[in-house]
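Asks: Here's the letter readout for the chains.
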Amino acid sequence: MNPYIANTEQDVRAMLGVIGVDSIDALFADIKPEHAPQSFDLPAGLSEFEVMERLRRLAASNTTVLVPFIGGGYYDHYVPAACGAIMSRGEFYTAYTPYQPECSQGTLQALFEYQSGICTLTGMEVSNASLYDGGTALYEAMMMAIRVTGRKKIIMDGGVSPIYRKLIRSYTHNLHIEFMETPIVHGQTDRAAMFSLIGNDTAAVIVQNPNFFGVIDDHADVVAQAHAAGALVIASVYPVALGLLKTPAEMGVDIVTGDGQSLGLPLNFGGPYFGFMATRKAYIRQMPGRIIGETVDAQGRRCFVNTLQAREQHIRREKATSNICTNAAVCAIQASVFMSLLGKQGFRRLATLNLDKAEFARQVLQKIPGVEVKRSSPTFNEFVVRLPSDAADVVEAMIPRGFAAGFPLGRYYPGLENYLLVAVTEKRTKAEIEAYGVALAEVLG
Amino acid sequence: MKLIFEQNVPGRQGFKLPESDVPVNASLDSKYLRQDAARFPEVSELDVVRHFTRLSRLNFSLDANIYPLGSCTMKYNPKFTEKAAGMPGFADLHPLLPQLKGGERYVQGALEVLYDTERWLGEITGMKAFTLQPLAGAHGELTGIMLMAAYHKARGNNKKYIIIPDSAHGTNPASAAVAGYQIISVPSDKKGGMDIAKLKAVLTDEVAGLMMTCPDTHGVFNSSISEISRLIHAVDGLMYYDGANLNATLGRCRPGDVGFDLVHLNLHKTFATPHGGGGPGSGPVGVTARLEKFLPVSRVVKRADGSFALDYDRPDSIGYIASFYGNFGIILRAYAYMLLLGGDGLKATSDHAVLNANYLMHRLKKNYQVAFDRICMHECLFSASRQTALGVHAIDIAKCLIDQGIHPPTVYFPLTVKEAIMVEPTETESRETLDLFVDAMIEADALARTNPAAFHDFPRTMPISRPDETKAAREMNVNFFAPTA
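In order, the protein sequences belong to chains R and Z.
In terms of our numbering, the first sequence is residues 1 to 445.
In terms of our numbering, the second sequence is residues 1 to 485.
The hints are simulated quantities; they were obtained by calculation from the structure and are not laboratory data.
Accuracy of the hints is not assured; some may be wrong.
Mimicking EDC-like on lysine to aspartate or glutamate, the simulated pairs with C-alpha atoms at most 20 Å apart in a straight line are [to be verified]: (1) Z:K128 / R:D41; (2) Z:K101 / R:D393; (3) Z:K347 / R:E9; (4) Z:K471 / R:D393; (5) Z:K101 / R:D25; (6) R:K427 / Z:E104; (7) R:K32 / Z:D257; (8) Z:K2 / Z:D47; (9) Z:K83 / R:E50; (10) R:K153 / R:E181; (11) Z:K347 / R:D30; (12) Z:K83 / R:E48; (13) Z:K190 / Z:D21; (14) R:K32 / R:D22; (15) Z:K83 / R:E53; (16) Z:K31 / R:E181; (17) R:K166 / Z:D257; (18) R:K427 / Z:D21; (19) Z:K200 / Z:D166; (20) Z:K302 / Z:D21; (21) Z:K31 / R:D22; (22) Z:K79 / R:E181; (23) Z:K347 / R:E53; (24) Z:K101 / R:E396; (25) Z:K101 / Z:D316; (26) Z:K31 / R:E53; (27) Z:K347 / R:D25; (28) Z:K293 / Z:E19; (29) R:K32 / R:E53; (30) Z:K293 / Z:D316; (31) R:K374 / R:D190; (32) Z:K101 / R:E250.
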């Protein structure tokens, strides 16, 4: 019995009669015996509550009780109840891609509002309606810069997430793109190294702010240098930090991307999240993904449609700006709910809380003998500390004490084994931060 | 309806943040700070809830409407799977936890979900190994083509071309092009299948592989599939299976058994995860044994003691294609769906999907030109050619259906059929609902004969009538804060 199939035996007989065959098998006559499955050995179906028991057991064997000080681009922010409540409406999550605007105005207007939210957040002129996630959005931005400039050399700042750099390398493996990576100094972009590489063959410079080490930078001078050479600048940003930080638009950046997880989405073990992308209006026709535009209907009423579809794969096929079709619409709408709930004042306060709590944590940690808190450059809500021993071992020892103590940098940076990346969001209380300090002192002592 | 930004009242707040409990007022050098705050709306929580609730009511959705969208498999999304995805033991899990030293210990449940899902998808498709990392169908296609390229590179093959039938989805040629290949399009024959003679004519040693759905986008199962596989393999090409139409053949035919080397599936089609108004999706990729070593890192593995781990030590891998382990929340829904249905339930799914499609085709063939007059699989393809002769086009019929509470079928796709109307009812619709759709289509045909001019005003019952798409594209007003004319 399958509750998701409505046809009864009577229905089946009647429908076969209309078709003029005597069995369902007859409808599969084009599938010859030579095409038959060699095996189809799957478990028997279960009832809801049997499946729930199994899921409860699996969920219980995951550890979610640790107090998280781990970030790396994905943060333990609070998700307001109204976010989940609105997104559990079937009218949003069981809708199709809004190709038929008359019966999709809800999704279309919500995505238009999302685009506007991303624009005011980043300061940019235009945004698309979302991409898969932050990493793939950065890859799409790089391909876009190559299309805009007709050049193939990419300079990547060493502060860009090592995960993003790895995936960009895999995608471009066969595409004859020249990559250069520049180091960081005192946690920030190495200007001397960067400027010596920027030339008339550079398609784009890619930076991240705050970067993977949590360090804040003002890339206006990098932008000026790149623009003088005819290159674009792409910035991957952390949206919550933009509650306070100079916007990429104020720095003159050309394409902005990032991961939207921190805008009201649960961590979900890596997804679904969404990627955002915003740019200058002049480059809109080279932007990948769906774009929602305002227009009017036959009676002159304001309404919203998918626009500039001539960029997209379902129209242009192999000549499209990207192969992307599905994006992450419902996640983007959830982020729009989040941005609306927080509002102008609340969003700034959220960023300030993150900044203050992280600063407090730095003060607590730097009092611990043997811990060196890096202070050479400003940070937002994540920072690097140097420990007297291997950070991976320290983090492991902190787990029984109830803390996910941070991310050991040695995993992606050979030579930085003693360095730990610590994230502190608005959810961490003074008591938790102090307890973390006590536990760390014990582990190191 | 007003935009949320137009409901702005300075001073209003929609969410309460805690007072800071730390004795710190951090400050940053002003050169790092933005000049003006982001202009998010100042509204109350009720303003937000009411706004988005009202917006949601402007949508058609599967929960309220039939979506007979060809090649999109808009089947019912069981409520249970939503509940599963929201369980805190999964939803609150940080993706970097397993990358800590010994960190796999803390995510055993999640890794087991991934491991079993990979195994079951392998059994369903006849593939040796799966990666669940691709974040959507087109992302799976790109991953698949990258795997193809890695295979040919390892063999020292010099390949330039990917063959794609003219009836394919636009993502197929776009994905192959993004990965650096050139496209050769092969036409279909009169029965809707691939034209074998024309395929042979373009086959050379420079062909990397062929991408196709099976059944194809004409709703036809290609009985020559084994021969096509033999032809492609003879030039050391690879057979790529686009899983868009897997809902037709569960338990009836596995791509791995008819010569396909790689597949991508759309969990948001066959495995009932929600479409979300255009995402997030999930596009797992499966491969045969000879391609397994190229799969992206990380791989989920089961150790001898029965515990699960992530393997990053894969020297032949194409590398990272996503930041983490895929759209885990979507994979979890598909996992729960497979547990609920089991093997028999999955097979029944295809049986009834195909039954429903053939029923629709037979009930409508008097009124609408059938593109290929034969048994169809899970979708049936019509042409509005008779109605077009009266001045009523496929799009007009589509808009007319909206007034009946029916989401239009896919129109003008595939490109191989003029005025195409492609209908995929799925297994979850009842006979009564199918009959409602048939009645609406027959009424539309009758109206086309009596009053074709009436179609220009459809739909009439929606919040808006037909939008001016040209104005949207010309003015490019895509941001409330920067309207331009």
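Asks: Under the criterion that the straight-line Cα-Cα distance not exceed 20 Å, is the pair Z:K293, Z:D316 satisfied?
Replies: holds, 6 Å
Asks: Regarding the pair R:K32 and Z:D257, is the alpha-carbon distance no greater than 20 Å?
Replies: holds, 12 Å
Asks: For the pair supplied as a hint, Z:K190 and Z:D21, is the alpha-carbon distance within the 20 Å limit?
Replies: violated, 74 Å
Asks: CA of R:K153 to CA of R:E181, is that 20 Å or under?
Replies: At roughly 11 Å apart (the allowed maximum being 20 Å), R:E181 and R:K153 satisfy the hint.
Asks: Are Z:K101 and R:D25 close enough, with their CA atoms no more than 20 Å apart?
Replies: Measuring from Cα to Cα gives roughly 53 Å; hence the hint is violated.
Asks: Does R:E50 sit within 20 Å of Z:K83, going by the straight-line distance between their CA atoms?
Replies: holds, 14 Å
Asks: Take a quick look at whether R:K427 and Z:D21 sit within 20 Å of each other, Cα to Cα.
Replies: The given pair, whose Cα atoms are some 11 Å apart, holds under the 20 Å limit.
Asks: Do the alpha carbons of Z:K347 and R:E53 lie within 20 Å of each other, as the hint requires?
Replies: Given pair Z:K347, R:E53 is violated - Cα atoms ~25 Å apart, limit 20 Å.
Asks: Is the straight-line distance between the alpha-carbon of R:K374 and that of R:D190 20 Å or less?
Replies: Answer holds: R:K374 to R:D190 is near 17 Å, not above 20 Å.
Asks: Can you confirm whether the C-alpha distance between Z:K293 and Z:E19 stays at or below 20 Å?
Replies: At roughly 53 Å apart (the allowed maximum being 20 Å), Z:E19 and Z:K293 break the hint.
Asks: If you draw a straight line from the CA of Z:K347 to the CA of R:E9, is it 20 Å or shorter?
Replies: holds, 16 Å
Asks: Does R:E181 sit within 20 Å of Z:K31, going by the straight-line distance between their CA atoms?
Replies: violated, 26 Å
Checked against the numbered hints given earlier, the structure breaks hints 4, 5, 6, 13, 16, 17, 20, 21, 22, 23, 25, 26, 28, 29, 32 and satisfies all the rest.
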